[in-house]
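Trainee: Chain by chain, the residues:
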Amino acid sequence: MTLWSKPQPVLAGELVIQIEGLTKRFTKNVDNPALWRRVLGRFQTVPIVAIDALDLHIEQGQFFSLLGPNGAGKTSTVRTLCTLLLPDEGSCRVAGYDAAKQQREVRRNIGVSVRGERSVYWKITGRQNLRYFAGLYGMRGEEVSRRIGEVTELVGLTGRIDDYVERYSMGMKQRLAIAVSLLHRPPVLLLDEPTIGLDPNGARALRSLLRDLCEQEGVTIFYTTHYLHEAEELSHRLAIIHEGRKVLEGSPDEVRSTLGDNRIVEVQLAPSAKTTVTSLRNHRMVEKVISENRQPTVTTVRLEMKEAINSVVEIAAGDGFANDRVLGMNLVRPTLEDVFASVTGYSASEVREEEDDT
Amino acid sequence: MTPDNNPMNNQQVSEGVRFSNGHHLHALPNNVSWYVHDVVATAKRMVLRMRRYPSWLLNLGLGPVLMIFPFIFLGDTLVGKGRPLSGSAFGEYDYTGYVGYLAVPLIAVALSNTVFTWLGGLLRMERRSGTLERVLVSAQFPSALFLGTAFGHLFYMGLFVAATVLLLQIWIPLDFNINYPSAVAVLFLHLAVTYGLAFALSSALLRIADSWAVQLVISKGVLALLSGATFPISIYPEWLQTIARMVPFTWAFDLERRSLLRAEKFGEMAPDLAVLAGMTVFCWIVGFIFLGRELNAARRSGVLGNF
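Chains F and U, in that order, are what the protein sequence lines are.
According to this note's numbering, the stretch in the first sequence is residues 135 to 492, in order.
According to this note's numbering, the stretch in the second sequence is residues 24 to 330, in order.
Treat the hints as calculated values from the structure; they're not laboratory data.
From a predicted model like this one, the values you see are computed outputs, not experimental measurements.
All C-beta atoms in this analysis are idealised placements derived from N, C-alpha and C, irrespective of residue type, glycine included.
Accuracy of the hints is not assured; some may be wrong.
[Claimed, not checked] Listing some non-contacts, in silico: residues in chain U with all C-beta distances to chain F over 12 Å:
hint	residue
1	Ala-206
2	Leu-249
3	Thr-253
4	Pro-255
5	Ala-286
6	Val-298
7	Phe-305
8	Val-309
[What the hints assert, rightly or not] Calculated cross-link-like contacts (lysine to any residue; reagent style SDA-like; alpha-carbon spacing at most 20 Å):
hint	chain 1	residue 1	chain 2	residue 2
9	F	Lys-235	F	Glu-154
10	U	Lys-67	F	Gln-262
11	F	Lys-162	U	Val-326
12	F	Lys-257	U	Met-148
13	F	Lys-235	U	Phe-164
14	U	Lys-67	F	Val-411
15	U	Lys-67	U	Leu-80
16	F	Lys-162	U	Ala-320
17	U	Lys-67	U	Leu-182
18	F	Lys-257	F	Asp-297
19	F	Lys-257	U	Met-73
20	F	Lys-235	U	Leu-182
21	F	Lys-235	U	Ser-166
22	F	Lys-235	U	Ala-320
23	F	Lys-440	F	Val-411
24	F	Lys-380	F	His-191
25	F	Lys-257	U	Asn-82
26	U	Lys-67	F	Gly-275
27	F	Lys-235	U	Arg-323
28	F	Lys-162	U	Leu-327
29	U	Lys-67	F	Asp-296
30	F	Lys-257	U	Arg-75
31	F	Lys-257	U	Arg-151
32	F	Lys-257	U	Gly-153
From just these sequences and the hints, can you work out the full model?
Mentor: Take a look at the structure:
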């Protein structure tokens with residue numbers, strides 16, 4: 135099936151998303167002011183910097199992922215790009231239009247998924263949702279029905295599209311939200327964690343769909359996610375932001391290579407070897423513990439070394455490593471997750487756990 | 024291409040990227056037809072959504088009757104036709120009894136209340152549920168969403184009015200004496216000014232999370248008290264009467280009584296209708312300005328999607 139109406143080869147090179155020095159600050163109330171204080175604006179606030187002088191340049195037809203721990207500024211960046219937030223400093227251009235000054239033009243050229251399953255109306259059917267949003271995108275007549283049929287099939291909701299959305303599973307609502315964002319064949323897709331809540335098959339199907347849209351149809355995709363394997367699998371380029379600042383940007387290979395080879399050591403420990411993990415963390419050759427995966431039979435710890443080593447033999451005899459609880463050691467190639475943990479101080483699993491808690 | 028050699032950098036207002044895959048949606052359609060389309064699409068969605076709540080519709084339809092019956096009964100008992108106090112306060116207004124004087128504005132107040140509740144409540148609900156943000160990144164004209172919501176409500180308004188008047192007629196028959204052109208004009212303006220005010224007040228919801236309650240207090244209390252809904256404003260001191268005359272409902276209720284109970288002709292009411300029409304336009308302009316300002320403020324503070 136043709137995803138878009140006019141599939142044509144993509145000529146890469148033109149910047150479709152341009153973020154220059156973007157800064158966004160929010161204020162947080164110090165206390166819980168009374169209503170009259172809020173009405174008159176007489177209450178104390180503290181500033182919070184959500185995005186700090188961020189620069190990003192995304193070419194046409196690129197799949198770009200923005201990664202970062204919770205509160206890093208990913209969602210604020212997406213919301214600024216899609217005109218829901220006004221920047222305090224700097225500028226954002228989407229499809230060549232200024233997101234602060236040319237909001238209508240930007241909105242017309244983007245498909246957005248923010249808030250996932252909460253962005254559709256639960257009290258009407260999936261088809262009624264699609265009809266409504268198609269109307270807001272200026273679609274008329276036969277085109278609406280035809281396009282609803284196409285996007286429904288794309289996201290795999292054909293059999294349930296006439297059910298009330300409140301009867302959908304979370305994943306189905308998420309897929310409906312994606313279908314809404316695809317309705318008007320936008321050249322730019324802004325997706326804020328679209329696979330949250332999807333089962334593995336649904337997430338895989340969505341990734342496949344997005345890859346096809348990007349590679350076959352030249353749709354530019356700006357994607358935020360906590361799932362680093364998704365970014366690794368899909369992205370032409372990615373950036374990691376932390377506390378509003380960009381700390382790394384490049385292709386997945388370039389980002390992985392920033393840690394350098396021979397700096398990640400994976401150590402298998404006997405279960406319940408807490409003291410050993412602590413001694414490894416404090417070891418003079420270890421920069422930090424990147425991840426710790428406890429299983430019933432083995433605990434696997436990934437370590438970032440302060441300097442590159444040629445072989446685990448170099449460290450095997452050192453203090454802390456020569457321990458009868460150490461079952462094995464390997465020198466491994468750094469993954470995106472290793473880089474993420476190295477630059478943010480968070481492991482991806484910690485980020486996901488935080489997300490689950492909220 | 025680096026940022027430095029991208030021609031877009033030097034443009035304040037760009038005409039957009041020329042997409043090589045033919046996806047560029049640069050051209051915007053005619054503004055008026057797009058605006059109307061946004062309004063109609065939202066109104067349709069409202070009607071569809073409300074069909075899912077028949078009990079709420081029944082509640083809204085019966086609510087005004089239940090609210091105003093005790094007032095009318097009490098009023099009729101005390102100062103109705105042939106009652107000991109009749110004529111003492113209302114004779115000068117040339118109405119045959121307090122029931123008629125009271126009933127018309129009370130129906131209007133009750134129905135206005137549903138307008139305020141509806142617009143404010145829905146905006147609050149959409150903001151909390153997350154759909155407000157989604158709609159705002161789709162719609163070309165945010166104010167069209169408010170209008171669409173208002174028109175969706177209007178679809179059911181006829182049902183509410185019919186239910187109220189019917190039940191009232193069964194219990195306490197009203198002695199209507201209607202001049203239809205005048206009545207149509209004043210009812211239209213009353214509805215329009217109500218939506219205009221609700222529109223303006225709803226915008227405040229974007230600034231203050233619980234301003235829905237404030238809005239209800241204003242609509243139920245301040246406006247009803249100042250507008251002479253239940254008693255003539257002539258009992259107020261002069262300064263308060265001046266303030267009361269700035270409330271559009273004061274004019275609307277007076278004109279409704281004159282057109283529905285005394286069959287006053289359009290020509291006789293024209294100057295006062297013009298005042299009400301002016302207030303209606305003013306409320307809508309204020310509503311649009313407020314909404315635009317509050318949306319921008321919400322975009323700056325990031326509270327559009329608070330839930």
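Trainee: Which hints from the list above does the structure break, by number from lowest to highest?
Mentor: 14, 20
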